Amino acid sequence: MARLFKKRYHRPGTAPGTLAAHAGREGAAQATAILYDARKTRSLPLRHPKALPVPTLGEQLWIHFQGTPDPRQLDELGSHFGLHPLALEDVANTGQRPKLDPYEENLFVVLGMPELVNGELHIVDINLFLGADFVISICEGATDPFAEVRKRLENGGGRLRQRGADFLLYALIDTIVDHAYPVLEALGETIEALEIELLERPHRDMLGKLHTIKRELILLRRQLWPARDLIAQLMRADLAFLQSETHSYLRDTHDHAVQIIDLIESYRDITASLIDVYLSSMSHRLNDIMRVLTVITTIFMPLTLIAGIYGMNFVANEHSWWAMPEIRTPYGYPVVLLAMVAIAVGMLALFRRYGWLK
Amino acid sequence: MARLFKKRYHRPGTAPGTLAAHAGREGAAQATAILYDARKTRSLPLRHPKALPVPTLGEQLWIHFQGTPDPRQLDELGSHFGLHPLALEDVANTGQRPKLDPYEENLFVVLGMPELVNGELHIVDINLFLGADFVISICEGATDPFAEVRKRLENGGGRLRQRGADFLLYALIDTIVDHAYPVLEALGETIEALEIELLERPHRDMLGKLHTIKRELILLRRQLWPARDLIAQLMRADLAFLQSETHSYLRDTHDHAVQIIDLIESYRDITASLIDVYLSSMSHRLNDIMRVLTVITTIFMPLTLIAGIYGMNFVANEHSWWAMPEIRTPYGYPVVLLAMVAIAVGMLALFRRYGWLK
Amino acid sequence: MARLFKKRYHRPGTAPGTLAAHAGREGAAQATAILYDARKTRSLPLRHPKALPVPTLGEQLWIHFQGTPDPRQLDELGSHFGLHPLALEDVANTGQRPKLDPYEENLFVVLGMPELVNGELHIVDINLFLGADFVISICEGATDPFAEVRKRLENGGGRLRQRGADFLLYALIDTIVDHAYPVLEALGETIEALEIELLERPHRDMLGKLHTIKRELILLRRQLWPARDLIAQLMRADLAFLQSETHSYLRDTHDHAVQIIDLIESYRDITASLIDVYLSSMSHRLNDIMRVLTVITTIFMPLTLIAGIYGMNFVANEHSWWAMPEIRTPYGYPVVLLAMVAIAVGMLALFRRYGWLK
Amino acid sequence: MARLFKKRYHRPGTAPGTLAAHAGREGAAQATAILYDARKTRSLPLRHPKALPVPTLGEQLWIHFQGTPDPRQLDELGSHFGLHPLALEDVANTGQRPKLDPYEENLFVVLGMPELVNGELHIVDINLFLGADFVISICEGATDPFAEVRKRLENGGGRLRQRGADFLLYALIDTIVDHAYPVLEALGETIEALEIELLERPHRDMLGKLHTIKRELILLRRQLWPARDLIAQLMRADLAFLQSETHSYLRDTHDHAVQIIDLIESYRDITASLIDVYLSSMSHRLNDIMRVLTVITTIFMPLTLIAGIYGMNFVANEHSWWAMPEIRTPYGYPVVLLAMVAIAVGMLALFRRYGWLK
Amino acid sequence: MARLFKKRYHRPGTAPGTLAAHAGREGAAQATAILYDARKTRSLPLRHPKALPVPTLGEQLWIHFQGTPDPRQLDELGSHFGLHPLALEDVANTGQRPKLDPYEENLFVVLGMPELVNGELHIVDINLFLGADFVISICEGATDPFAEVRKRLENGGGRLRQRGADFLLYALIDTIVDHAYPVLEALGETIEALEIELLERPHRDMLGKLHTIKRELILLRRQLWPARDLIAQLMRADLAFLQSETHSYLRDTHDHAVQIIDLIESYRDITASLIDVYLSSMSHRLNDIMRVLTVITTIFMPLTLIAGIYGMNFVANEHSWWAMPEIRTPYGYPVVLLAMVAIAVGMLALFRRYGWLK
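Protein chains in written order, with numbering that gives the first Met the number 0: chain H, 0 to 357; chain S, 0 to 357; chain G, 0 to 357; chain F, 0 to 357; chain L, 0 to 357.
Keep in mind the hints are simulated off the structure, nothing from the lab. Since this is a predicted model, take the numbers as computed values, not measurements. Some clues are possibly wrong.
For identical chains, the list gives no copy identity; a pair is met inside one copy or between any two copies.
Stated by the list, open to error - Derived EDC-like pairs: lysine to aspartate or glutamate, alpha-carbon spacing no greater than 20 Å straight-line: (1) K6 to D100; (2) K208 to D275; (3) K5 to D254; (4) K5 to E188; (5) K6 to E188; (6) K208 to E191.
Looking at chain H on its own, in the form it has when it is part of the complex (with noise of 0.2 Å):
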């Protein structure tokens, strides 16, 4: 399950800006650079941090870590591209919450990237930089969300080549925005498939179900709140690097991030009725049983009494006629007994009329 609490931070007082090295951060992190304009692609070695590229006029650079990088690095890309220090802070401790800060010199983004992994959902950091020539993004883990975006930027035709970093910027936040639909696929399927079996066979485990749901759904929320009201600064701010002919391809990410969140919120306001059904079937198996159990005592009590009764020895007392004559009478027995399949017969037609037998 996704943790909690999932954000590295350092120790109270500690002074702002300080990149120490995680324990417990295993492997390097993979990063790519290309630089294209609107003519052609170029992908570059990235062999060395001292030697950044720098993008000639009209050129725009990407550079995409997947994992994050050590603190060396990440004073490589911070002096090189001037990049602000509580930035690289931000990158190196993860787990922080989507934000926007605009620094004089370039803009930083954090978002989180939802995704199910075998089923469980998890969230992905992403850092991202934007420059007025450069966009840096930083993707934690091993699987590159970007792959895609890379492609169409390779194969070039649409619009993203033509246009500047900004266009990149909101192709990438769109990436991860979009990231939401299948995993909210999901969990519809798995509320709607929990819900037709709840009013048909609920049984035990459900609950335990309808909690990891109700779980996910609140991690969901948490990042797309934030994210949401991210994009809507993007958009009506009069942030640097960002051109207004982008602001229209924001909106309509805004549109999928609104959409996202009405459907986390339909989603808990039904698994909150889901979980009302489940414990309203857990108070109706128990009317059923205690229905049985009065049914089953009511029946037999009375039938126990009778042979109760008739097994006293008061038949021992041979002087009285008042000593249990129906016990000397010739048909006693069989009366009795037919005494008593008529009393059981009788409370049966009984529980019928109250409607106790199902």
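Once you have looked at the hints, place chains S, G, F and L on chain H.
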């Protein structure tokens, strides 16, 4: 039941404005075109997508698609009327959230129309484009919801033909919003019927019904909250193509949307209260069952014990006066039976006093 | 009970401003007209809709309809006073949400007046038009809620006759809003009575009562939230026909509306808490019942077992010393009876210690 | 308990500003007047309502009514100090919502002061008028809440005498708001005591107590939310009679009001959580009871059956070897008794393993 | 546990700015003073309250009190640094709500620092004053939370010594806010541990733990909501003493506060869901218990009846063929025993089919 997740979406990372044909979209869209001015109406054949009509000065054009056009048709429409690729993508990908996208050349409106089909709620996606002298409406499904409007247009007389294309847009939006009234009326009647039934004789499948109502209210609300905001935006904003005289008509539609949301919210509150009533009636029923069990048990247990005691074989010890002398008295048996009756009656009296009988 | 869905509506797609006669609307509207200025009041006969009175300079006209006028009458009114067709449609279609529609020629106000009829909440629709020198009030139902205002007008003396038509409008709105006080007082008393009863001796039909209260609060709130906003709008906006001196009076009405909403909200909170108390009292009662059952069962089961043991027929084996020697001892029977009593008393002592007896 | 609905109101439709004597209002109001400037304080007799004092230049006048004045007195006050008839009506009709009404000639403030009387919450209505050089305070009930302020005024020394009438108003409002602290302290202690008791040994009358706490929090909140807004309005608005130096003092009172609301909200949340704890403890207790019943039943039923089997009369068939040979073996009886013990012990071991015994 | 109501307050009506010594405040405050500029740091002895240090031009002064100073010390501080009496009163009366009070001569900030002591949440009150060239920090309790900041200041190197007093204030606020991270990390781990335990083997004392978590979240939220607003105010407002370069650092702290509130909210949601899971597991357990009871009862009752029937004494009537002929057949006993086994097995099969046996 209406699906929780209905949107069609591209793989994350796909270029914006992609118009891929969706599998499983069967049946061609039925297109009709009407050219009208204050004096006359002309229905046009719309055989070939390339031969789209052009309104002359003073004329308004209304093209209506029943069913979603295929990508080729959309492409034609787009280039003929200057529709934005992002808007066309939204038309192709049904399941959009209601929204208003003002583009430079035209206005794009997405709305979901609630409809009851065999007592089940369905949301029909409707896309509307407004230009200077045309309205394009694209409606999912097979039944034309705008037949009434078309009739009014053809019969002339009203304001519809005197005014511009924006008044037609208003008429269509008003029709869409007003479709919520019969749905809410039906829901209101279902709720009131459940209310009466619940307070009189609650039974098991009511919670399923309550859950279905809640679900439909959630889906309705998901459509109508954004619809209300959209209409407010249409009223307030200084949008091109919308004349100020249409505003007071839109205000009327806005009032309807607000009233519908009010109704939805009070239905939700009442449904929540009904679930409380239902759960409590379940616990009442359990109490009733347990009371019966307890009364039965409490009456028969002492009687059975007495029968058991006089069934003990101490009577076999004939040498001791202490061995069950009651058995040897002449009236032992009837006295014991009377004692049993007395105990049973006493118990019943006690239970009646505690209010346990009925 | 007041209906959840009360609005009359046209078939979606009908032309705006349509005034169709609604079936089932029986009885003609009673119209009264009063012409007044600072010095005198004149009641006018209003026999024919065509012969509507016209106020002279300095005079104010108040026309009151008790019951909804038929379409013909509304048409006459509309053309005489320049009322907007959309407003007239709203008058015909009762069940509107409270709203304020400022038209150019006059102001249109819709309000719902809460009223208790035989202890049940009813919402009476009232439509008000304010022009430069006239007020038209249209009130559903048979009882005139404005009798008191008419008396004040006829008796003169107060501010009512000195001021313009807008002050009359204020007086009518104030009367409508103040009708919520007796309703809330009655509800408050019902809630407090239930509160005391619930904490002392809860019984079954209380939840139905609580549900009814909740329902009435929901319906009340649906009227008063928009009423409050409407009055605030009247106060703040620079509306024609409303003189600024009336504002401080409207502020008083606004304060009342806000207080009424406060009351409704706290009633709702208290009702929610009472439902908790009720449900918990149900579970208490179940606990009580189960405790009795358990105590009875636990006491009688061991005794019955003992009786059963000494009812076994091993005594028949007369050759073995081991076969129930207890039976053959002289004091076996009384000793067993005493043992039973001892067990029962011991059990009761144990239960008392665990606090299970009361 | 404090009443839910406390407001006195006129019949709907009554003229605004009507000062009718309310029945059941017993006892005359005690009026005291103090004239003060920076150097001295003068207490004035206030025998006759017609002879109201007038402050000279530089002097401030504070008139305090303990108890609500009768209509005649209010009339006198109104004409002497130029108080608005609507304000005087509000004074007469107690149970107002806290509000601030700025009239041209003076400022009218209504506040509710929370007070604990015998551990029960009461809301005392207080009306305040601020003019250029006077403050009139009217306080429901018998105990003067402003005794401390009067002492400060008479002892001089502080800022109170140096500053104008507005500072006195601030001092009175501050006193009213601060009265919530002891109430909240007492409530907090009650909640914490309940918290400990609930987690240790929950019992039946706790829910009644929790309900009472919730009710008092609801009533408190109804007073303090509007009080907070009122003080914020006093601080921000450019109100006549309020000097800007008083603002930083009012900010302090505002901070108190906000903190009090924070406390109320967290008390509510904690009370809600306690109700969950309580309900769950009820269901625990039921589980306990049922476990005991089940354990007892499960142990004794098989034993009783065995006793029943050996109580069957097949032994009477002396001719068949198959007829209960166990009875005829010498050690049958002790073997059966030992088997019974073994079964009972085995059952107990099983229950212990399932964790059913405690 | 942290107290719900912690504030110290004066008797309502006391003069504002009163500095009364509170009883039960034991231990003197430990004061330390540091004078620093870009090049060096000087620790000063602070023996006598009258001999407070004065920073020279370019120097900054930081005075830190560990523990609350007594009224005399506060008086000295106030007159030396020009602190407002209302602020000093707030310092003396701990338990303030976080707030920002801009006075003319300086800025007053109150914050609550969350801290875990033996796994229990405590809120430490911290008061901060910012002047042109000084910061005064007053921290309740015994442990200095700013040790890390002092070390950074003494070691030099960072931005802390280069910048003015406002940067020191930021560093202190940042330290206070960041103290919530370890608290939330610990809470998150507790919640996740409970989550796993609940879904696997729920037991009784979990609800107490869940309640404690909820309570701590409520207290945390009470501190952090106003803290967030306070930092936003610091960032936005044009406050004296705060240089604009510090704003981007404060934005970072603001982001932290927002993320912390997000975490608190999702913890609350998850805790609420866990309570549902818990309550449902209780009802499951009840169902299990009742199923066992019902199965046992249903199996043994018919068997006991059979045994009872053959225990009846009709056999004593030797003259009638009808009197229990079964007893007189040779294989009667084993046949009855086999019938009993058959009934028991049949019942078990039936229960298995209904899924009642686990």
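How the hints compare with the structure:
no. : hint         : in the structure
1   : K6 to D100   : within (18 Å within a copy, 32 Å between copies)
2   : K208 to D275 : both (14 Å within a copy, 13 Å between copies)
3   : K5 to D254   : between (28 Å within a copy, 16 Å between copies)
4   : K5 to E188   : between (28 Å within a copy, 11 Å between copies)
5   : K6 to E188   : between (30 Å within a copy, 13 Å between copies)
6   : K208 to E191 : both (12 Å within a copy, 16 Å between copies)
The structure meets every hint from the earlier list without exception.
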